[in-house]
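Visitor: One-letter residues, chain by chain:
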Amino acid sequence: MSTGRDPGLQPERTRLAWRRTLLTVTVVTVLAVRLAATGDPTDALIAGGTVLVWGALLVLCWPRGTGTGPARTGGRTLPLVTAGTVVLALLGVLLVLRGLG
Amino acid sequence: MWEAIRRWFDPAELGSVGETPDYRFSLANERTFLAWLRTGLALVGGGLAAAQFLPPLPMSHLREVIAVALLLLGAAVAVRAVDHWARTERAIRLGQELPASRFPAILALAVGVGALLLVVAVLMRAVGGR
Numbered sequence: 010m011s012t013g014r015d016p017g018l019q020p021e022r023t024r025l026a027w028r029r030t031l032l033t034v035t036v037v038t039v040l041a042v043r044l045a046a047t048g049d050p051t052d053a054l055i056a057g058g059t060v061l062v063w064g065a066l067l068v069l070c071w072p073r074g075t076g077t078g079p080a081r082t083g084g085r086t087l088p089l090v091t092a093g094t095v096v097l098a099l100l101g102v103l104l105v106l107r108g109l110g
Numbered sequence: 011m012w013e014a015i016r017r018w019f020d021p022a023e024l025g026s027v028g029e030t031p032d033y034r035f036s037l038a039n040e041r042t043f044l045a046w047l048r049t050g051l052a053l054v055g056g057g058l059a060a061a062q063f064l065p066p067l068p069m070s071h072l073r074e075v076i077a078v079a080l081l082l083l084g085a086a087v088a089v090r091a092v093d094h095w096a097r098t099e100r101a102i103r104l105g106q107e108l109p110a111s112r113f114p115a116i117l118a119l120a121v122g123v124g125a126l127l128l129v130v131a132v133l134m135r136a137v138g139g140r
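Same order as they appear, the protein sequences are chains A and B. If you read the first sequence in this note's numbering, its first letter stands for residue 10, the second for the next number, and so on. If you read the second sequence in this note's numbering, its first letter stands for residue 11, the second for the next number, and so on.
Just so you know, the hints here were simulated from the structure itself, not pulled from any lab data. Cβ coordinates follow ideal geometry from the N, Cα and C atoms, glycine included. Be a bit skeptical, because a hint or two may be false.
[What the hints assert, rightly or not] The calculated label-pair distances, taken between Cβ atoms and stated as ranges, are:
1) A:G84 - B:V137: 32 to 38 Å
2) A:R22 - B:R16: 26 to 32 Å
3) B:P66 - A:R22: 39 to 45 Å
4) B:L104 - A:L106: 39 to 45 Å
5) A:T51 - B:R16: 30 to 36 Å
6) A:L69 - B:A22: 36 to 42 Å
7) A:R29 - B:F63: 20 to 26 Å
8) A:V39 - B:G25: 32 to 38 Å
9) B:V130 - A:G64: 38 to 44 Å
10) B:G25 - A:L106: 28 to 34 Å
Taking the hints into account, I'd like the entire structure generated from these sequences.
Guide: Written out as structure tokens, the structure reads:
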């Protein structure tokens with residue numbers, strides 16, 4: 010075993026946790042795009058918004074936990090990922106309410 | 011409230027209190043945040059799925075009410091996740107007790123009651139026919 014490496018593999022587990030989160034974001038985005046596939050231009054715009062949020066979160070989260078040794082933790086990424094999730098939820102609410110009209 | 015939001019986005023402020031802990035504690039705290047975020051995302055996904063896969067329910071617009079409730083609950087879980095992460099990180103740095111929270115119990119009750127209400131709605135539909 011190499012020295013300076015956490016035997017509990019915490020950085021690796023954290024990287025996988027970030028990847029799992031990205032996978033969940035992807036599923037949510039696919040569901041939102043499917044819900045928005047009505048042919049309506051405004052719905053298409055909302056779908057574009059969700060894909061944009063997905064791309065931003067992908068760029069933001071992918072570098073997290075890469076590399077070995079004491080990993081960078083915390084920082085602005087966490088509140089930003091939260092903001093992305095809230096935006097996805099609000100775009101979803103918009104889609105559902107538009108479906109009523 | 012704005013003060014709390016400003017704090018979430020200011021890692022330097024968080025890094026200035028107390029002592030830097032063993033990085034593994036911070037990583038564990040981060041993974042807990044991510045698990046909560048995925049819980050929130052699952053609720054958001056559930057709301058989006060309810061809106062498009064649920065058959066029409068006996069009460070008018072019940073489907074949309076369920077979808078919007080799940081979406082807003084998901085957003086609330088995500089916001090609470092980052093708040094709890096920041097408060098936990100602060101407590102770790104200051105060597106204090108970790109913050110206690112009623113939120114998991116409240117969320118469990120809300121999901122349980124919501125599921126029961128849905129069971130009632132499904133049974134009403136089954137008994138009442140169409």
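Visitor: For each hint, tell me whether it holds in the structure or not.
Guide: Each hint, compared with the structure:
The supplied range of 32 to 38 Å is broken by A:G84 and B:V137, whose beta-carbon atoms lie about 54 Å from each other. Distance hint check for A:R22 and B:R16: the Cβ-Cβ separation is about 31 Å, which falls inside the suggested range of 26 to 32 Å. One distance hint, 39 to 45 Å for the beta-carbon pair B:P66 and A:R22, holds here, with the actual separation near 44 Å. With their beta carbons about 44 Å apart, B:L104 and A:L106 fall inside the hinted range of 39 to 45 Å.
In this structure the hint that A:T51 and B:R16 lie 30 to 36 Å apart at CB holds, the actual value being about 33 Å. The beta-carbon spacing between A:L69 and B:A22, approximately 19 Å, falls outside the hinted interval of 36 to 42 Å. At roughly 23 Å, the beta carbons of A:R29 and B:F63 sit within the given window of 20 to 26 Å. Between A:V39 and B:G25 the C-beta distance comes to about 37 Å, which sits within the given range of 32 to 38 Å.
At roughly 41 Å, the beta carbons of B:V130 and A:G64 sit within the given window of 38 to 44 Å. For B:G25 and A:L106, the hinted distance range of 28 to 34 Å is not satisfied, since their beta carbons lie about 41 Å from each other.
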